[in-house]
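Please model the entire structure based on the sequences and the hints provided.
Residue numbering for the sequence shown follows this note's numbering, starting at 1 and increasing by one per position.
Careful, some of the hints might be misleading.
[Unchecked claim] Pairwise CB distance ranges (calculated):
id, residue 1, residue 2, range
1, VAL729, ARG886, 40 to 46 Å
2, ILE225, THR261, 21 to 27 Å
3, SER722, THR625, 32 to 38 Å
4, THR809, LEU287, 58 to 64 Å
5, GLY107, SER722, 36 to 42 Å
6, VAL974, GLN606, 53 to 59 Å
7, GLU649, TYR90, 26 to 32 Å
8, THR439, VAL729, 16 to 22 Å
9, GLY609, GLU511, 40 to 46 Å
[Stated by the list, open to error] Each computed DSS-like pair below joins lysine-lysine, with the alpha-carbon atoms no more than 27 Å apart:
id, residue 1, residue 2
10, LYS636, LYS720
11, LYS812, LYS374
12, LYS547, LYS512
13, LYS250, LYS227
14, LYS565, LYS529
15, LYS1054, LYS1127
16, LYS1054, LYS1111
17, LYS760, LYS812
If you are wondering where the hints come from, they were derived from the structure by calculation, not from laboratory data. Quantities reported herein were computed from a predicted structural model and do not represent experimental measurements. Each residue gets a CB set at the ideal place from its N, CA and C atoms; glycine is no exception.
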Amino acid sequence: MVARNRKKTNLALKDSAHDHNSGKDIRIPAKSIAFNQNPSESRQVLDELQESEALLCSFFDSSGVMRGINEVIAEDDLLHIACNSAAAAYIGLTPEDVKNRLGSELGVPKDLLLLWIRHYRESQMTGLPVTFESRYERNGEEIWFHNTVSYLGTAPSGFPRFAYVIIDITRRKLMELALKESHARYQALIETNVDFIWEMDAQGRFSYCSPQMKALWGIDHNGVIGKTILDLLITVEKSYAEELLTDILKNPRHFHGLEITSIDRQGNTIYLEISGVPFFDRNGTLLGYRGIARDSTDRKQAEKALLKLNEELENLVNQRTAELSNALTSAEHERQRLYDLLEMLPVYVCLLNERYQIPFSNRNFRESFADPGKKRCYESLFNQTEPCENCETFTVLKTREAHRWFWTGPNGRDYEVHDIPFWDTDGTFHILEMGIDITDRKKAEEESTILASIVAHSDDAIIGKSLDGTILSWNAGAERIYGYSAEEVIGQHISILLAPGLIDEFGCLLEKIRNGEPVVHYDTIRVRKDGTQIQVSLVISPIMDSKGTLIGASTIAHDITARKKAEEEIERANAYNRSLIEASLDPLVTINPDGKISDVNAATIQITGYSREELIGTHFSDYFTSPELAEAGYQKVFRDGSVMDYELEIRHRDGHVTPVLYNASLYRDGAGNVSGVFAAARDITGRKKAEEAIERANAYNRSLIESSLDPLVTINPDGKISDVNAATVRITGYSREELIGTDFSDYFTSPELAEAGYQKVFRDGSVMDYELEIRHRDGHVTPVLYNASLYLDGAGNVSGVFAAARDITERKRAEDALMISYDLLEGRVEERTSQLAKANADLREEISQRRRAESLVKKTVSELHAALESTADGIYVVDRRRRIIRYNQNFAAMWEIPDEQLLSGEDRVVSHYLRTRVKNPEFFSERVNSHDYDQDRETYDMLELKDGRIFERYSKPQKMDTTIIGRVQSFRDVTDRRHAEERLLASLQEKETLIREIHHRVKNNLQIISGLLDMTRMRTSNSTTNSILTDMMMKIKTMAQIHTRLYESKQFDKINMGGQIRDQVVDLSNIYSHSGADIQSEIEADEIYLPVDQAIPCALIVNEILSNAFKHAFREKKQGMLEVSAKQVDDRIRIVVRDDGAGIPRNVDVDRTTSLGLKLIRSLAQQLNGTVTIVSTQGTEVTVEFPLHQGST
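Take a look at the structure:
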């Protein structure tokens, strides 16, 4: 046993110390503690010791780090000597609660104790600190710790003593996981984008190209690394490309949709649309560009074909319509010019006739509302069957005069409407209506009103000035801060507020504004009306007119006088103290109130490269990349008492930089006065690299996404949008913030089709060329083709869907334009060109069928390839002549097949190699030879490899229609599954044997006891004793029956209570049949299965109730009826025992009786969480109800 009461020892006054390196005790000379020789010297030494102890306590209790001291008192337990508040708080205690308590007593798991003791022993053996990481789960969250343990020597108790330091590194671990997820998302982006992605350095050389480049240019993407685009172009535009490349490298900027023409490896002309984004280092130096290149060849060829076809059709029309008069041509031309003009107007224009119909509407009208299709205005705009109440159009129809009015359209926007009546050439009356959108103007007026209210009620002084310094505006905050009213200062020069010596300050600040330099938090002095000077922080912004010309400046002034005084008082309150903790692995430093270093440890010397003498007395902030930030850090400690996780960068003497996190707090002298700052730094180089990697990866991914011309979106498993790019914002009209968190399908003309699309991705892994129509916020619709696939997190779990849309509006418009042109020409030349029309129709149908067939083939091949590569099985396909058609990477990896054998294309070569890998080559060869590649049958077998792995092989014929064209073989590694099944089967057999033996022995023992009781009962002549022995015998026999059923059954977790109750009724009838009464029993019991923990108490309850009925119910009767019912309703069991005997005497209260039998019944019912109900009317009825345990059947 370890003594729990330990004597407190002041470590600062002990006459010996322990050398951590040698493990030996060092004696301190006696004269160093002979305080009685010189009282003044003793007091001085005592003060120094107290100061050191205070500094040590400050270090020990520094927040953010868990520290403590333990003694290993056994192989599996340790004693907590001391710990700081952070360590105690982690387990919900205080340091006093933890002190001198065993780890097992505090509830620390044994495996955790053994882990720490193992590392303690390692430190004891090596004499060095031992560092390790550990993972815990707390309230469902994963927590990671970085632990350091050090051997301190042997304690007075005789046990080894150790110190420990624990730091929470959960954030770093989560960053590592985020980096993996970011990489996975980037990979999904690369694999699903149909364009090729590129990156080049500051000299224009390619440093990365995605594999899609080969499909576009016929060049392997690895072969272009180190080359420029000029090396790849085979075109007359090479000089233009060279000028463009030189320009963007010299003047870095974003560029979108630059068109370049080139020739591919087959000599075909290709058109490229290139977009790029520059990226820089921390100093703003260009590192290179990242971007996307899109193949626009099909679009260009389609445009040329359309132009050619249009030219041919125009020539044909000109030939067929030569007889038309010049006057008609001129009229049509002028009319078309008018329509074109109306189409291009930025306002909506429409014609209304006297029947409220809209025979014409321009593009703005159609895009803002809908195509009226010559419907009546109230039908098209409001879906009504009658004109609107208070109809403004009716006013014009009635007065035949122009009318101006205001209106909020069905799209929610505000319009200024002008109705102009006129008569057409055919004498019909029309109204030309023009609507000007004034929504933004109204919104600007409202925002201006709100802004004026903010300025008027701001606590800060907001002052508007002209360029010559004249005050133009003065709010209530300015009146409160400076003491002048608006009437006193408006029109005055701003110099009335300037302190002496600062007259030229306004001109300097104004010059900065003119040069575009921001003036933010500029601290200066101003003079109030009463002459007192105050310190203010200024934010100065330019005031521009509608043309962007600077016409003045706006100043927001915040009174910081109180803050400045507080800062000065804090600086005067700082005091000096020094201390050094050499044992710490972290850089430690003490700082005077003036910011000078007073002491450092060896770790500080190592991290800065300067000696102790060079460091002491110099300014603390001189050794950081950001001195002002370092100075602000230690001043914050003097102001707030401490800082935690304050991030800085230390610059070494040789120039390299180390990122650190500082924890710092004040330390005091013996009188409790502040002496200075004690600061501890933790090297976070590893974490910084992880953060920078994450930041670069995220920036890279975001730049790729934002540079894409296609709308890109990520969708959560619940269908909600999690991220979008700028193209998505443009095509929907909604901001990024409005889109994120909303349902993806809400932005399409067919939401159910959109939802089915992304559900298909979650189900099948991807979709290709999925056609949808996106509805813009203003109502116009954009047709798109979606390509989408799943993206995974770092752990390989599905995070959502990444979807890319391709705008096919131009293609649709081209098709529509072609259709309209064709229809127009068909009407004009129907008689003479019917054969040409038929030929064109046949050609369009053939083109359409060919496109559909090509699209279907591409989609099928893409899905097949994705399915083959995504399956966990190895897939191997050969044709009828045993040539290799296809295989996936899993097949090659599972069998470790050399590449040259697979590239041979011969199944015989590969099969020979596989034969060498299996344990039974003859069996393998026999099965391979039995695979007649013309037979229509499927085979399945198991293959055991020489290395112990087991493969499951499934072979089936590959068919095209009904013709067999080859065979498909799939291989699955089932080694782990087979071994697990074997272990599980063996374990189950062992457990089944053990359980049967246990139940058999329990049943035998109970039967022996029951037999002994029965023999004793038969020999006794005392009826009371006989009754007691009978009750005991039946209870034991009931339990024996349960174990008998378990032993004889194949199920050990449940009992058939229906059969058990029948047996109990029969047994009790046999025992009590000699009493003289003829008792008939009716049993209605379902097949109810109860777990063992419910079956035994249930059977004992039934035994007690039946025993009472047989013993007491029929004493005065010669015959009687006993009915037993057992039912299961939902998850509740209901057992009813009813007799037609004498019933319970009226003077017996069944709820308060002390009868042992009833007490036992109630106790067992409570054990089952059930109830017992007893009713005595023309006999006795006992009902027992209780819930069935979950998992029971």
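Status of the hints after comparison with the structure:
1. VAL729 x ARG886: 40 to 46 Å: 42 Å, holds
2. ILE225 x THR261: 21 to 27 Å: 24 Å, holds
3. SER722 x THR625: 32 to 38 Å: 36 Å, holds
4. THR809 x LEU287: 58 to 64 Å: 36 Å, violated
5. GLY107 x SER722: 36 to 42 Å: Given range 36 to 42 Å: holds, Cβ gap about 41 Å.
6. VAL974 x GLN606: 53 to 59 Å: 55 Å, holds
7. GLU649 x TYR90: 26 to 32 Å: Since the Cβ atoms of GLU649 and TYR90 sit about 30 Å apart, the hinted range of 26 to 32 Å holds.
8. THR439 x VAL729: 16 to 22 Å: For VAL729 against THR439, whose Cβ atoms are near 19 Å apart, the range 16 to 22 Å holds.
9. GLY609 x GLU511: 40 to 46 Å: Cβ of GLY609 to Cβ of GLU511: about 43 Å, so the range 40 to 46 Å holds.
10. LYS636 x LYS720: At roughly 44 Å apart (the allowed maximum being 27 Å), LYS720 and LYS636 break the hint.
11. LYS812 x LYS374: 24 Å, holds
12. LYS547 x LYS512: 20 Å, holds
13. LYS250 x LYS227: Within the cut-off at roughly 18 Å; holds.
14. LYS565 x LYS529: Holds, at roughly 21 Å.
15. LYS1054 x LYS1127: 16 Å, holds
16. LYS1054 x LYS1111: Given pair LYS1054, LYS1111 is violated - Cα atoms ~31 Å apart, limit 27 Å.
17. LYS760 x LYS812: 25 Å, holds
In terms of the numbered hints stated before, the structure departs from hints 4, 10 and 16, listed from lowest to highest.
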